[in-house]
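A.B. asks: Fit chain B to the known structure of chain A by using the hints.
Just so you know, the protein sequences line up as chains A and B, in that order. Counting from 65, one number per residue, gives the positions in the first sequence under this note's numbering. Counting from 5, one number per residue, gives the positions in the second sequence under this note's numbering.
Quick caveat, the hints were computed from the structure, so don't treat them as lab data. A virtual CB, placed ideally from N, CA and C, is assigned to each residue, including glycine. Careful, some of the hints might be misleading.
Partial pick of chain A residues on the chain B-facing surface, computed with a CB cut under 8 Å [what the hints assert, rightly or not]:
(1) P300
(2) S303
(3) V376
(4) L407
(5) G413
(6) I424
(7) M425
(8) Y429
(9) K442
(10) P483
(11) I484
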Amino acid sequence: MDAELHQLTLTQLAAGLGRREFSAVDLTRALLERIERHDAALNAFVTVTGDEALAAAKRADDARAAGEAGVLNGLPIVHKDIFCTRGIRTTCGSRMLEDFVSPYDATVVERLARAGAVVLGKTNMDEFAMGSSNETSYFGPVRNPWDLERSPGGSSGGSAAAVAARLAPAATGTDTGGSIRQPAAMTGTVGLKPTYGRVSRYGMIAFASSLDQAGVIARSTEDAALLLGAMAGFDPRDSTCIEHPVPDYVAALAAPLEGLKVGIVRQHFDQGLDAGCATAVREALAVLEACGATLTEVDLPNLDLSVPTYYVVAPAECSSNLSRFDGVRFGHRAADPGDLTELYCRSRGEGFGAEVKRRIMTGTYVLSAGYYDAYYLKAQKVRQLIADDFRRAFADVDVIAGPTSPTPAFRLGDKTDDPITMYLNDIYTIGANLAGLPAISAPCGFVDGLPVGLHLVGPHFGEEAILRCAHHYERATEWHATCPDAYR
Amino acid sequence: MSLDKDQVQHIAMLARLRLADEEFAETVDKLSRIVDFVDQLSRVSTDDVVPMAHPLDASQRLRPDEVTESNDRDHVQENAPLVQDGLYLVPKVIE
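Just chain A, with the same shape it has in the complex:
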């Protein structure tokens, strides 16, 4: 069994640990060896925390022996390097934070640790989560385990690549415009972005505070449900975290799909969607129907406006959030500044990469005197129209289904010349962030050997419906269990 530990899901590993077939230390060692062997080619990790992981695994084994095992006891995970970890550096993929060691843990980190999870390391990401290809990372791009010449998507590309390559069974991620779901689609993994406010953002380095949400990347819906249950819930330290009971997400998976109404968005199959992806998604919808769901068409007439709306709102919030990086209290500081203004300008100019600087400047522009009403206020009005489209659709259906991404994984370097081409990659995912809705991407096939994702969106706090829908789809298919040849 040992040789195949890396192929097991969290749920299977939990069962094996419970039956004492292997220890948490054995499991942690096996995965650390895989990371050592494969990560030079993938670049999925910024920091591997081998010593800390082995110590945590030992504690988990001791806790189990003492009959005190938590729900995730001894289960290995990795954290996107946007979550602050006490005593372990947190870079956010940026030169600005290359040597930053947080004095505290993010709530997500704290909750998963308390449940007994063992953290193997911190994963690579687009700088400050601003990117859809992992190419904006200061630590270099992550490579897609399905084709090393291709991007794993972004910004949670390191998390997605690590899970797809079986270096870790599951990972945390964050999603501001698709940063969990798009890399999940491009690596054949399950990616869940919960409702805005479902999971605490405390200690999660902020990009766009009205859109950011923490979630998970895993190899099964059941694992995503298990991790979400451990992460979710009210946190007084995040003023936007919502007090709403946390259901048993795993228990909710089993209920049959009969009677579930699935809406198919007419606009999703317009121009821009790769023909192979369209076929895979249509076949997936037929499977959902065979599982008992009822399919019906819905309209999201303002879908096309979601990307331009996002590229006003998100940069505006980013320019405000990233003003904290001043070269004075923490982060990169330029050498020998002549005066205070030069200290700010050079520290930020050197510490941030090109895409982050563009987004800060876009945000600064749309918020500047004379432009606020024309851009920021206008975008918040259009955002309301987009949210209204979803409200109307959810009056008729329980879940909205479509493709996660317009194409499978693209080649590294293919979209770096034109920011708009890169931005349009998130056309199907951004709406859920603008409206604060939960959404999941589930593997639904391949085009030329590259994975395709099925995107399911639910109403606010409708995680159970989308998880259940994805779970039944998963039970009827084998896509989620398909492993890239080089990582068997």
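C.D. replies: Chain B in isolation, oriented as in the chain A frame:
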């Protein structure tokens, strides 16, 4: 180009970002493309639409004004580039 060099220089200053000469031209080009792209919002009719304040229409939660954190200055300042006697050092601002 919807933005000219002077505008981009002004925005960079507002954002406290120094751009290297070689990135400046590229920034003018790419920022202009982004602004052109988001300009399509101006064609949307939004009369009588209330701008979104919160995706779940939630209002800001308040908490009692109580001391919950202890002073952890030395630990926090371990991340500071330059400190002396518990103070952050910056270039002289008053002659």
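A.B. asks: Does each hint fit the structure? Answer for all of them.
C.D. replies: The hints, checked one at a time:
A cut of 8 Å between beta carbons decides the hint on P300 (chain A): the least distance to chain B is about 7 Å, and the hint holds. At about 6 Å, the closest approach between the beta carbon of S303 (chain A) and any beta carbon in chain B falls short of 8 Å, and the interface hint on this residue holds. Interface hint status for V376 (chain A): upheld, as the beta-carbon distance to the closest one in chain B is roughly 5 Å, under 8 Å. About 6 Å separates the beta-carbon of L407 (chain A) from the nearest beta-carbon of chain B, less than 8 Å, and the hint is met.
A hinted interface residue such as G413 (chain A) counts as satisfied when its beta carbon comes closer than 8 Å to some beta carbon of chain B; here the least separation is about 4 Å, so the hint holds. Annotation: interface hint on I424 (chain A) holds; nearest CB of chain B at approximately 5 Å, less than 8 Å. At its closest, the beta carbon of M425 (chain A) sits 5 Å from a beta carbon of chain B; the interface hint therefore holds under the 8 Å criterion. Interface restraint check: Y429 (chain A) against chain B, minimum CB-CB distance 5 Å, threshold 8 Å, status holds.
Among the interface hints, the one on K442 (chain A) holds; its C-beta lies about 5 Å from the nearest C-beta in chain B, closer than the 8 Å criterion. Interface restraint check for P483 (chain A): the shortest CB-CB distance to chain B comes to about 5 Å, inside 8 Å, so the restraint holds. Residue-level restraint check for I484 (chain A) holds (minimum Cβ-Cβ distance to chain B is 5 Å; threshold 8 Å).
Every hint, counting from the list given before, is met by this structure.
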